[in-house]
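S.K.: Now for the letters of each chain:
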Amino acid sequence: MGGKCPHRSVKKRRYSHKQFRRAKFLVKGDDAVYDELLKPEEQRKELPVDEDLPGMGQYYCMHCDRYFANVTVRDEHFKTKKHRKRVKIMMGPRPHTQLDADLAAGMGMPDNGPKLMSMS
Amino acid sequence: MRLEKCWFCSSTVYPGHGIQFVRNDAKIFRFCRSKCHKNFKMKRNPRKVKWTKAYRRLHGKDMTQDSTFEFERKRNRPERYDRNVTENTLKAIKKIDKIRVDREERHIAKRMKGNKAKEQREATKELEQSIHMVKAPSVLFKEPSLTLPTKVKVLQKQSEENRMEE
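Quick mapping for you: the protein sequence lines, in order, are chains A and B.
Under UniProt numbering, the first residue of the first sequence carries the number 1, and numbering increases by one thereafter.
Under UniProt numbering, the first residue of the second sequence carries the number 1, and numbering increases by one thereafter.
To be clear, the hints were calculated from the coordinates, so they are not data collected in a lab.
None of the values given here were measured: they were computed from a predicted structure.
Ideal Cβ positions, reconstructed from N, Cα and C, are used throughout, including at glycine.
Any given hint could be a false lead.
[Claimed, not checked] Lysine to any residue pairs mimicking SDA-like chemistry, simulated, CA-CA at most 20 Å apart:
| # | chain 1 | residue 1 | chain 2 | residue 2 |
| --- | --- | --- | --- | --- |
| 1 | A | LYS28 | A | LYS88 |
| 2 | A | LYS85 | A | TYR60 |
| 3 | A | LYS85 | B | ALA109 |
| 4 | A | LYS28 | A | ARG84 |
| 5 | B | LYS74 | A | ALA105 |
| 6 | B | LYS27 | A | LYS82 |
| 7 | B | LYS43 | A | ILE89 |
| 8 | B | LYS48 | A | PRO93 |
| 9 | B | LYS43 | A | GLN98 |
| 10 | B | LYS74 | A | ASN112 |
| 11 | A | LYS39 | A | ILE89 |
| 12 | B | LYS95 | A | GLY108 |
| 13 | A | LYS28 | A | ARG66 |
| 14 | B | LYS27 | A | ASP100 |
| 15 | A | LYS28 | B | LEU58 |
| 16 | A | LYS18 | B | LYS43 |
| 17 | B | LYS43 | A | LYS39 |
| 18 | B | LYS74 | A | MET62 |
| 19 | B | LYS27 | A | LEU38 |
| 20 | B | LYS43 | A | MET62 |
| 21 | A | LYS82 | B | LYS74 |
| 22 | B | LYS43 | A | ARG22 |
| 23 | B | LYS61 | B | ARG106 |
| 24 | B | LYS98 | B | ALA109 |
| 25 | B | LYS38 | B | SER11 |
| 26 | B | LYS41 | A | ALA32 |
| 27 | B | LYS48 | B | LEU58 |
[Unchecked claim] Cβ-Cβ distance ranges computed for the label pairs, FRET-style:
| # | chain 1 | residue 1 | chain 2 | residue 2 | range |
| --- | --- | --- | --- | --- | --- |
| 28 | A | ARG84 | B | LYS116 | 34 to 40 Å |
| 29 | B | LYS116 | A | VAL87 | 32 to 38 Å |
| 30 | B | LEU3 | A | ARG21 | 32 to 38 Å |
| 31 | A | ASP52 | B | PRO78 | 43 to 49 Å |
All chains should be built: construct the whole structure from the sequences, respecting the hints.
M.R.: Okay, here's the thing in structure tokens:
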């Protein structure tokens, strides 16, 4: 419940912890991160300079979708258990999707009809 | 009208049921009930939760490859309405469903086939290993310490009553 805005009357959640807000809605979904990681190195864009993000958005961890203030903090993050667990998940099989759910329910692959471009 | 499948447990979501979540990258997640929605929010992986279809499929609990699965699919192209086709489809649905249910039953029967023999084997083994714990009924009468005192009384009473009836 730390993700809510601080309110004076409630002693317990006086501060809004970024850690909790991140888990709530800031972080990217697993499948989005997985797709991003599948892309080859050349296709990845250079990190844009954003003054609203920590360290101008230059120190980024792709696996955990987090920005860091500088190189040392980021490298420190790479050593943490959280990060290593996350890397392990991302190296594993593709995250569950709606298509997987449909196939598991006993449906066939979606039928999109003949491709229009191939006919011409 | 489309009957979508639940993202988490793969059950059918009927109109007026469940909840839908649209992520800020426009991906749609449908859930059949709050149980599935909550499990999604907890970031659980359906492949690791035992009651989902995804788990059962992956671990060979359910039938995986079958020709009856080819009929129900998402068709992303318009179909011109034809009364005869609709009628035939409705007829076929019943038949296909029956075949599918029969095959599923057979699959489960096949999966459970070895269980009875296995149980029998285990029971025999247990009997062999711990036969020393079983006492002959005559020994129980000789040594009252082996049985609970109250139980003996009840047994005797019952046997007396039985005799009376006879």
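S.K.: If you check each hint against the structure, which ones fail?
M.R.: 3, 6, 15, 17, 18, 21, 28, 29
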